[in-house]
Every structure is written in structure tokens, then in C-alpha cells.
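Spelled out from the first residue to the last, the chains are:
There are 2 protein chains.
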Amino acid sequence: MPPGETPADPSRSWPADATLADVGEFEVIEALTALFAQGEHVEVGPGDDAAVLWSDDDQILVSTDLMVQDRHFRRDWCSAEDVGHRAAAQNLSDLNAMGGRAHSLTLGIAAPAHLPLAWLLELGRGFAEECALAGASVVGGDLTRAEELVVAVTVLGTCRIDPVLRSGAEPGDVLALAGRQGWAAAGLAVLSRGFRSPRAMVEAYRRPEPPYAAGPRAADAGATSLVDVSDGLLADLGHVAAASGVAIDVRREALAVPEGLRAVAAAMGGDPLDFVLTGGDDHSLAATFPAHVDLPEGWTAIGTVGAGSGVTVDGTPHEGAAGWTHF
Amino acid sequence: MPPGETPADPSRSWPADATLADVGEFEVIEALTALFAQGEHVEVGPGDDAAVLWSDDDQILVSTDLMVQDRHFRRDWCSAEDVGHRAAAQNLSDLNAMGGRAHSLTLGIAAPAHLPLAWLLELGRGFAEECALAGASVVGGDLTRAEELVVAVTVLGTCRIDPVLRSGAEPGDVLALAGRQGWAAAGLAVLSRGFRSPRAMVEAYRRPEPPYAAGPRAADAGATSLVDVSDGLLADLGHVAAASGVAIDVRREALAVPEGLRAVAAAMGGDPLDFVLTGGDDHSLAATFPAHVDLPEGWTAIGTVGAGSGVTVDGTPHEGAAGWTHF
Chain A
438 MPPGETPADP SRSWPADATL ADVGEFEVIE ALTALFAQGE HVEVGPGDDA AVLWSDDDQI
498 LVSTDLMVQD RHFRRDWCSA EDVGHRAAAQ NLSDLNAMGG RAHSLTLGIA APAHLPLAWL
558 LELGRGFAEE CALAGASVVG GDLTRAEELV VAVTVLGTCR IDPVLRSGAE PGDVLALAGR
618 QGWAAAGLAV LSRGFRSPRA MVEAYRRPEP PYAAGPRAAD AGATSLVDVS DGLLADLGHV
678 AAASGVAIDV RREALAVPEG LRAVAAAMGG DPLDFVLTGG DDHSLAATFP AHVDLPEGWT
738 AIGTVGAGSG VTVDGTPHEG AAGWTHF
Chain B
438 MPPGETPADP SRSWPADATL ADVGEFEVIE ALTALFAQGE HVEVGPGDDA AVLWSDDDQI
498 LVSTDLMVQD RHFRRDWCSA EDVGHRAAAQ NLSDLNAMGG RAHSLTLGIA APAHLPLAWL
558 LELGRGFAEE CALAGASVVG GDLTRAEELV VAVTVLGTCR IDPVLRSGAE PGDVLALAGR
618 QGWAAAGLAV LSRGFRSPRA MVEAYRRPEP PYAAGPRAAD AGATSLVDVS DGLLADLGHV
678 AAASGVAIDV RREALAVPEG LRAVAAAMGG DPLDFVLTGG DDHSLAATFP AHVDLPEGWT
738 AIGTVGAGSG VTVDGTPHEG AAGWTHF
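In order, the protein sequences belong to chains A and B.
Going by our numbering, the letters in the first sequence line up with residues 438 to 764, in that order.
Going by our numbering, the letters in the second sequence line up with residues 438 to 764, in that order.
Don't read these hints as lab results, they were simulated from the structure.
One thing to keep in mind: the hints can contain errors.
[Said to hold, decoys possible] Some chain A residues flagged as far from chain B (calculated, every beta-carbon gap over 12 Å): (1) T595; (2) C596; (3) S629.
[Claimed, not checked] Computed Cβ-Cβ distance ranges for the label pairs, DEER-style: (4) B:E734 to A:I598: 38 to 46 Å; (5) B:R597 to A:D708: 58 to 66 Å; (6) A:E696 to B:D507: 46 to 54 Å; (7) A:D454 to B:T753: 35 to 43 Å; (8) B:A679 to A:E607: 52 to 60 Å; (9) B:R633 to A:S629: 42 to 50 Å.
Just so you know, even glycine gets a beta-carbon here, dropped at the ideal spot from N, CA and C.
Modelling step: build the complete structure from the supplied sequences, incorporating the hints.
Laid out in C-alpha cells, this is it:
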């Protein structure tokens with residue numbers, strides 16, 4: 438579709454329960470790509486052997502992430518639109534965590550033949566909406582058949598200034614956090630016990646709201662390290678501590694614990710701070726700043742960087758898991 | 438790993454039959470990324486939230502493709518190294534088909550917990566080798582657990598001149614082909630009947646040899662359209678005919694039919710040209726050139742472009758399937 442054109446309704450000619458097998462590969466791709474409006478930087482969007490993009494920067498940021506049904510999402514817990522939002526958010530957040538901005542994404546889908554077209558198009562709509570929030574276009578993709586639903590996303594973007602790595606934290610820096618943290622983990626805990634409230638926590642799991650402005654702002658302000666919290670706050674701070682060769686201490690009392698988190702923890706007999714310390718699905722950002730820097734908008738100091746190694750909470754190693762791993 | 442360093446043997450500390458679950462996510466990723474030497478254009482390779490690349494061109498080509506076990510490859514027909522080569526080749530070929538050159542790839546893997554680490558590392562080795570053939574680096578990736586093995590690749594590159602699309606063919610142009618065509622389809626036919634020879638055809642299926650120099654050469658020579666043959670020669674020419682608004686005629690006698698193809702067809706009682714006309718796994722290239730152009734090295738004229746629509750063989754519609762679809 439040429440840049441700027443409005444997508445037509447792609448599902449108009451199919452019954453509501455048509456599956457991918459009913460519709461066929463090429464028509465599914467056509468219906469899906471019709472959802473993806475192309476930004477001005479896109480010379481050739483979906484449909485040729487490759488997409489062709491213009492960049493005003495000679496630096497390219499690229500990251501890729503997979504999501505697997507029943508591992509990263511459950512179709513009875515999330516709508517297709519939620520899954521689309523989450524798949525895009527997870528990748529957009531990776532560029533946010535370099536201080537960058539995304540301009541383009543590709544969307545690869547391996548899907549069972551019996552998947553309804555309507556479900557896939559809803560996923561596409563959610564994906565496109567989340568990309569639009571970050572100002573990025575869906576420029577290409579792939580669709581293939583599989584037994585299990587897998588969503589494979591790659592995101593491209595740029596930094597206006599030098600990207601902020603995990604390896605630059607220095608003793609004396611301030612540790613800061615941007616975005617909601619622990620909400621999605623609490624929402625997931627609620628859903629996995631068969632409940633649907635507190636609604637704010639469940640919605641935070643279904644549709645994270647990564648702080649897309651916070652990454653570039655941190656870079657502009659001179660952040661020394663930056664990471665997105667996708668494995669769990671303590672686990673990801675562990676990556677920063679290891680890459681930077683420093684010790685990081687989180688101050689418990691500096692962490693925001695909203696009423697919804699308290700309610701979930703009370704219902705389950707746990708500590709609400711555990712969600713904050715080990716949750717990953719919010720795609721918040723953690724950064725370190727030199728002590729003299731005024732923290733930019735959206736950032737809150739939550740700890741300190743010192744000499745040494747490892748991550749502590751109020752000076753003590755945290756008991757229990759720091760996050761989760763895939764194998 | 439810094440650019441230019443030689444990767445250490447990453448599997449040294451694990452028993453030969455260790456599975457991904459035995460080794461754990463982070464050590465698997467470490468072992469895998471140790472295989473990927475980084476080119477000079479890579480500022481930050483695998484290990485941070487995103488890779489950071491330098492490009493000397495303001496145009497970016499990007500394409501993505503998925504491969505699913507038992508659909509795109511079978512582990513009893515192909516070695517892990519073959520699968521790695523094929524996954525890279527399929528994506529590198531997409532940029533070749535724009536007249537471009539790849540510089541960077543990402544490798545996403547969804548894999549069962551019981552997959553042997555050794556198998557995955559062999560895949561990584563094959564992938565890296567194929568990327569090196571095209572002068573490209575593996576700059577990032579993702580690893581997650583799934584029931585089914587899925588390999589999701591994204592390739593980035595540039596064109597020195599304007600990319601060649603599917604939509605530029607004009608009546609009067611010459612149709613030309615570069616690379617082996619039909620060999621892999623014959624090899625697949627052999628394997629699916631439980632045989633292992635002719636070896637050249639089977640090897641062509643296991644490890645395609647896309648003509649990576651042919652795409653940029655065609656662009657330099659002024660090709661009006663360019664496509665890689667991944668769905669089948671007639672099917673992909675159909676995409677060109679539709680995108681360009683032209684008719685394409687393939688001349689049967691111009692198509693190379695090597696002895697191995699004849700042998701496979703004879704053993705199966707079919708026409709060897711069917712492999713050439715409908716095979717897709719060789720990742721050959723088809724292009725159209727203005728009639729006055731001397732075809733560049735590696736290209737052979739196989740037909741003509743006329744006014745009208747659709748694809749014919751010696752003036753007649755081909756009977757039977759033009760290629761294959763995923764749903």
C-alpha cells in the first residue's frame with residue numbers, strides 16, 4: 438500500500454469464522470498487510486522480496502523477540518489485540534532501552550491452519566496500534582503454517598545520540614526507574630489463579646504501557662546505563678551490574694507499591710514488593726545516572742551504584758528468584 | 438564479542454548429549470553467540486537490548502522469514518548445519534532479489550527443551566558460515582522455549598543503487614534466470630521417497646547455493662524487475678507479471694535440465710522440466726532486462742515479456758501447480 442493511503446476493511450468478504458486454511462496464504466497476507474499504514478520513510482513496504490526504508494541516521498538499532506502461545510501468552514487470558522500490542526511493545530521497548538526510537542518493524546507469524554482469520558487480523562490491528570504509539574511502521578513480515586502459534590518480531594530504529602548500553606554504570610551513580618513495575622506480574626498472578634481483578638493489574642499484564650519517551654530522555658540526560666525490565670527488575674539489574682562491573686543496591690522504600698499490588702499480595706498472602714522486584718512484563722526501564730544529574734521527567738531514584746558486584750535490596754541479597762528463564 | 442576476535446569453542450564444558458534444558462537459557466545463548474564473529478560495521482553485537490550497526494547508506498533493505506521443523510525441514514533429511522545454511526540462505530536471497538547485499542542478520546529460535554545443545558550449535562555454525570559467504574554478520578537474536586522448532590530470521594542490507602522491484606518488467610524485455618533451478622525440488626522428491634541419490638540433487642536441497650553475486654550484477658546491468666524463486670519459478674514469475682502488469686512467456690528449450698534432474702524424473706515417471714518450472718528451494722533469481730542489454734555474468738535468457746497478463750510456457754498455460762502455498 439502506498440504511504441498515506443487508508444487501509445480498506447480486509448475481512449469484508451469472509452465469514453466471521455473463516456480459518457487461515459479457508460482463506461489461503463496470499464489472501465491472509467493481503468488482509469493483514471492492509472492494516473499496516475506506511476510512514477514517510479518507507480519507500481517499499483510489504484509485498485516485494487524486501488522492504489526498502491530511508492533512514493536519516495547512519496546508525497541502525499535492531500532487536501528481535503519471539504512470543505510463543507501458552508508460554509508468553511494464553512488466548513483465554515488475552516485478546517488477539519492484546520497479544521498484538523504485547524508483541525510490539527516487547528520489541529519497541531528494546532530500542533527504548535538503548536535510548537533509541539523505532540521506525541520500522543517486521544512481523545513473522547507461524548500459525549495453525551485452524552486459527553480464525555478474524556483472530557489474526559485483530560492481532561495485526563493491536564500490533565499496528567502499538568507501533569503507531571511509538572511512531573513506527575510495520576514494513577514487512579512472513580506467514581507460515583505451524584502446529585503452535587509463534588509471533589516473531591524484529592524492530593529497527595535509530596538513536597539521535599550515542600546508544601546507552603548496559604555496561605556504563607559507575608560507582609556513585611544513582612539508580613532510577615521509569616514506568617509501571619510489578620503491575621503486569623501481579624496481573625499474571627491474578628489470571629493464573631482464575632481471577633479477573635484488580636482490573637488495573639490484569640489490564641497492565643494484557644496491555645503493557647512501556648514508557649516510550651523515557652529512554653530517549655534518559656539518553657539526553659546523560660544516563661550511564663539503560664536496560665528494559667523484561668526478565669525481572671533484579672535479574673535485569675544483575676545484567677547491568679555484571680556488564681558494568683559494579684554493585685547495585687535497590688532501596689525498598691523508594692519503590693512505588695500501588696493499592697492494586699497490595700490487594701493482590703494480600704489475597705495471595707505474599708509481599709507486594711516481590712512483584713516489583715521480580716516482575717518483567719511491564720517493560721519499564723531502569724537506568725543509572727551520574728549523581729549530579731537532575732533526573733528527567735518520568736524517572737524516579739530507587740537506589741545506588743557502588744563498587745563491587747551483584748544486586749542487593751537495602752544492602753542484602755534478595756531471597757527467592759530474581760526473575761525467570763526460558764529453559 | 439569484539440569485532441575480529443576468534444570465537445572459542447563454546448561447547449567444551451558440556452556432555453555431548455546435553456539438552457537446552459540441561460544447559461539453561463543464558464549459557465545456551467552465550468555458546469551460540471560465541472559462534473558469531475562481528476563485522477567492522479557492528480558497534481554493539483549480541484548481548485545488549487539491541488544491536489547497534491553502522492551503515493554507509495541511508496537506504497535500508499529488510500526482510501524476514503520463518504522456518505518450521507517438519508514443514509520447511511526435517512531433521513532426518515538435513516543436518517543441523519544444513520538447516521542453519523538454509524535458514525540464512527533463504528533470507529540472504531531476499532536481499533539478493535532486490536539487487537542488494539546483506540550486512541546483518543538476527544536469528545530467533547523457538548526450540549523444545551529436549552533439543553540437544555550440540556544440534557543447536559551446529560545450526561548456529563551453518564548459519565554463521567552461510568552469512569559469511571554473503572559477507573554478513575549475525576548481530577542479535579532471541580531464544581525461547583516452544584513445543585516445535587521454529588527459526589525466525591531477519592536480514593538487513595543495502596543497495597548501492599536503486600533496488601529492483603517486482604513491478605518494473607515491460608513488454609519487450611528479456612526474461613533471464615541465474616542459479617540452479619529445480620535441483621532442490623528434485624532432491625526433495627528423492628528424499629520424500631526414502632532415497633538418497635542422485636547426491637547432487639539431494640545436496641542441492643540440503644544446502645542451496647543462491648547466486649549471491651547475481652542480484653547486484655542484475656541491478657548494475659539495468660534489470661527492470663527481479664525476484665527470487667522461493668514459491669516456484671512459474672508462481673514467482675506470476676508475482677512479477679501481476680506486479681508489472683505484463684505477460685511472461687518461458688521458453689522450455691532454454692531451461693537447463695542437468696542429467697541428475699533427468700534421472701530423478703525418469704525414476705519417478707515424470708517430466709524433469711516440472712522440477713524446473715515449479716521448484717522453489719534453490720533460491721535462484723529471475724529477472725527481466727531491456728532487450729538491448731548484454732546479460733551479466735551468470736544470467737541466461739529463458740523467455741520474453743509481452744503485453745497482457747499471466748505466465749505461459751511456450752505460449753501455453755502450464756498444467757498443474759505453479760508452486761506451493763503455506764495454507
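Results of checking the hints against the structure:
With a cut of 12 Å on Cβ distances, A:T595 falls inside the contact zone with chain B, its closest approach being about 10 Å. Distance to chain B contradicts A:C596 as a non-interface residue, since its nearest Cβ pair spans about 8 Å, not more than 12 Å. No Cβ of chain B approaches the Cβ of A:S629 within 12 Å, the least distance being about 18 Å, so the stated non-interface status holds. Against the hinted window of 38 to 46 Å, the Cβ-Cβ separation of B:E734 and A:I598 comes to about 44 Å, which satisfies the hint.
Checked against the hint of 58 to 66 Å, the C-beta distance between B:R597 and A:D708 comes to roughly 59 Å, which is consistent with it. The hinted window of 46 to 54 Å between A:E696 and B:D507 holds, with their beta carbons roughly 49 Å apart. A hinted range of 35 to 43 Å holds for the C-beta pair A:D454 and B:T753, which are about 40 Å apart. In this structure, B:A679 and A:E607 meet the distance hint of 52 to 60 Å, their C-beta atoms being roughly 58 Å apart.
Distance hint for B:R633 and A:S629: a CB-CB separation of about 49 Å, consistent with the stated range 42 to 50 Å.
This entry does not satisfy hints 1 and 2, going by the numbered hints stated previously.
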